[in-house]
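Student: Here's the letter readout for the chains.
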Amino acid sequence: MVVRLMQGNEAVGWGAIAAGCRFYAGYPITPSTEIAEMLARELPKLGGIFIQMEDEIASLAACIGASVGGMKAMTATSGPGFSLMQEHIGYAAMAEIPCVIVNVQRLGPSTGQPTSPSQGDIMQARWGTHGDHPIIVLYPTSVPEAFDLTVTAFNMAEKYRTPVILLMDEVVAHMRERFETPPSEAIRVIDRMGTSVPPEWYKPFGDTVGDVPPMPSFGSGYRYHITGLYHDLMGYPTQRLDEINPWIERVHRKISAHLEDILLYREENTEDAKVVIVAYGITARSARHAMKIARQHRHRVGLVTLYTIWPFPEEVILRVGRTARRVVVPEMNLGQLALEVERVVGRHKVVRVNRADGTMIAPQMILDAIEGR
Amino acid sequence: MKGKEQSKRFEIRLAGEGGQGMILAGVILAEAAAIYEGKYVVQTQSYGPEARGGASKAEVVISDEPIDYPEVLSADVLVAMSQEACDRYASNLKKEGLLIVDVDKVKRVPLTTAVKIPITRAAIEASGKAITANVVALGVLVGLIGVVSREAIEKAILARAPKGSEEMNCKALARGFAEAEALLAVKQKAQKGLAIGTWDTG
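Top line first, the protein sequences correspond to chains W and H. In case it helps, my numbering puts the first sequence at residues 1 to 373. In case it helps, my numbering puts the second sequence at residues 1 to 202.
Here chain H stands alone, though its shape is the one from the complex:
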């Protein structure tokens, strides 16, 4: 049995290594949707017993209705920041799902339609710090699919950013938006008429 309910849910999975800020990215995305857009949201996570390293994963389910099952059933979006994360979760994507990878960390990509962006490198270029890679990833994600508004994600990031790091995070977010726009522009030019939902950047 398949349910109609699944179509009302939007499921996002952010996965990488412990220390990359994937869980924080999930929390920020969930706050953007819950606090600034009034949606129903459940954010869950899993991580290993280690403080750093090991596999780390955040899941965000967003809906206009109360959410029963709290975890991702099959993801609409996967952001993979490590090869292990990509290997483990890519097969769980929906058929029309979007895969975003940090191309410097993920060498084997199982989908030709994946969006490949040097996320960590872009973070260093934009803000001088690799730790803003999670914010760049959020910028790419929101820029591409608009699951929450740009204003909402920016407010959520600034509400979480430690004092003094606001500018750095804004730069990282802007870079993420820019990467998404560049990609959409290329796509529009090259593939006019193709259905939205295919993300061939190859």
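For reference, chain W alone in the conformation it holds in the complex:
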């Protein structure tokens, strides 16, 4: 095994390659640029395609097109570009087209602080595009996890025919950590389901077991219609309620019926915890540091690190929230995922720890909240 010092952004690029991504279209933006740089260098060597597009709207459009053509496709951006991508995130959700969108967050709104960390896009990742839609959002806390979760993002996108968003913190994107390249046989890669029915029988949006219709590539003999309008089983626009309702139920069910597979989290010391910290991204590492110090001082503190933030893991939070007296939610924003935690465990139990000035939350801030200061 090769040991290297690797940057988080670089790990995303290698994770994408390991997952089978051979198409990247993007518009470079700090603090995500190293992803584009490394894929511009590596993808052509593998017969893959790298395109620098004119903007972020076109970038995601190109990824959607490549995916329909049968490629695993990714784009990476930061807040300002992520705002522009919202239109096509909705399109990919509506047309059920697998793709991975990386958003290395920076301090916003607007151009904000390009080189400063922030966790300000939590709600935008969930609700940035209009209309009710299912979405999966993953969130690494370290360089090795940036690799692993990029692979997972592709696997979930392909398995559930959905856009998957990988949210990252600037700190994780730019930090370097020890990385041992896993052997390729140790990496589990999932490819989308094809079909063996004759083209004339194929229903692109038909009901299937598991609620995810098979998706043959354009150009492979299967012709079908794709639209952002509500559509029938054949993909043609419809206004019929008996076609709209089953569709919206199915696309939500294909996620909600597989939460066991989709919800990734790690519990530490929650069994006896009187105070539970719920954290994600780089802030979870501040929280773990704080938890260890607190436990040295015999405070019964536990930690839930969320790797999947959307769909929100309600059942887990409900369970740990039942026995805990206090639930601490540190975030590098003014309180976004805390709204969900409050909804689940009740406002009176939740202590928010917030900071939105482009600086990390230090362990001491969390320790103060644990002690009720």
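Calculated directly from the structure, the hints in this document are not laboratory data. Some hints here could point you the wrong way.
Claimed, not checked - Subject to a maximum C-alpha distance of 25 Å in a straight line, what follows is the list of computed SDA-like cross-link-like pairs (lysine to any residue):
#1 K95(H) x H297(W)
#2 K94(H) x R295(W)
#3 K171(H) x A130(H)
#4 K155(H) x V27(H)
#5 K274(W) x N354(W)
#6 K8(H) x R4(W)
#7 K39(H) x E268(W)
The hints should help you fit chain H onto chain W, whose structure is shown.
Tutor: Positioned in the frame of chain W, the structure of chain H alone reads:
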């Protein structure tokens, strides 16, 4: 609350102006510890939106255990290559922390115990190029505190050095070691019996 965990961490901050190679120095130090010594390492950085100039800072946290909080909480070592860097970060040093400054760039030094070395000047003398100042700084740092072995830092530097620049970088590193040795020799002579960790060169 203070943690025992902090004692297992060793925290180094390298700060200067954009273009001085402080972030690269941090990367090289981290590679020496991670790749050649098998330690847990996190290297982080911050810089302004400018391509050159502006404040630039690299941080390296080294530990025998997995590292949770990735940034420096209070530094064991600060290498300051500009007055602004020294002014901004000196107060964050641990009580017994080591401050190393480029004495030609940092005129106001807040600690009498600081190690003052003309790092950039020494780089020009040793290799003919000011850009090797970051390598001289690494030599001084490793020579004084041995946070990684000399072999490890040399391997890490050579692995990063562009072709043709190996000799220049080796000279710069040797000069850094020599500066550290000279300092330690003076210290031993003058302050026999004093606790290690005070760096009075005044």
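Student: Indicate, hint by hint, whether the structure satisfies it.
Tutor: These are the hints, each one checked on the structure:
1. Between K95(H) and H297(W) the CA atoms are separated by roughly 23 Å; this keeps the pair inside 25 Å, and the hint holds.
2. At roughly 24 Å between alpha-carbon atoms, K94(H) and R295(W) fall within 25 Å of each other, so this suggested pair holds.
3. Proximity of K171(H) to A130(H) is assessed by CA-CA distance (about 13 Å); at most 25 Å being required, the pair is judged to hold.
4. Taking the CA atoms of K155(H) and V27(H), the gap is near 13 Å; set against the 25 Å cutoff, the hint holds.
5. Taken as a hint, the K274(W) and N354(W) pair is honoured in the structure, with Cα atoms around 21 Å apart against an allowance of 25 Å.
6. Note on K8(H) and R4(W): the hinted pairing holds, with a Cα-Cα distance of about 23 Å set against a maximum of 25 Å.
7. Distance restraint check for K39(H) and E268(W): the Cα-Cα separation of roughly 24 Å lies within the 25 Å cut-off, and the hinted pair is therefore satisfied.
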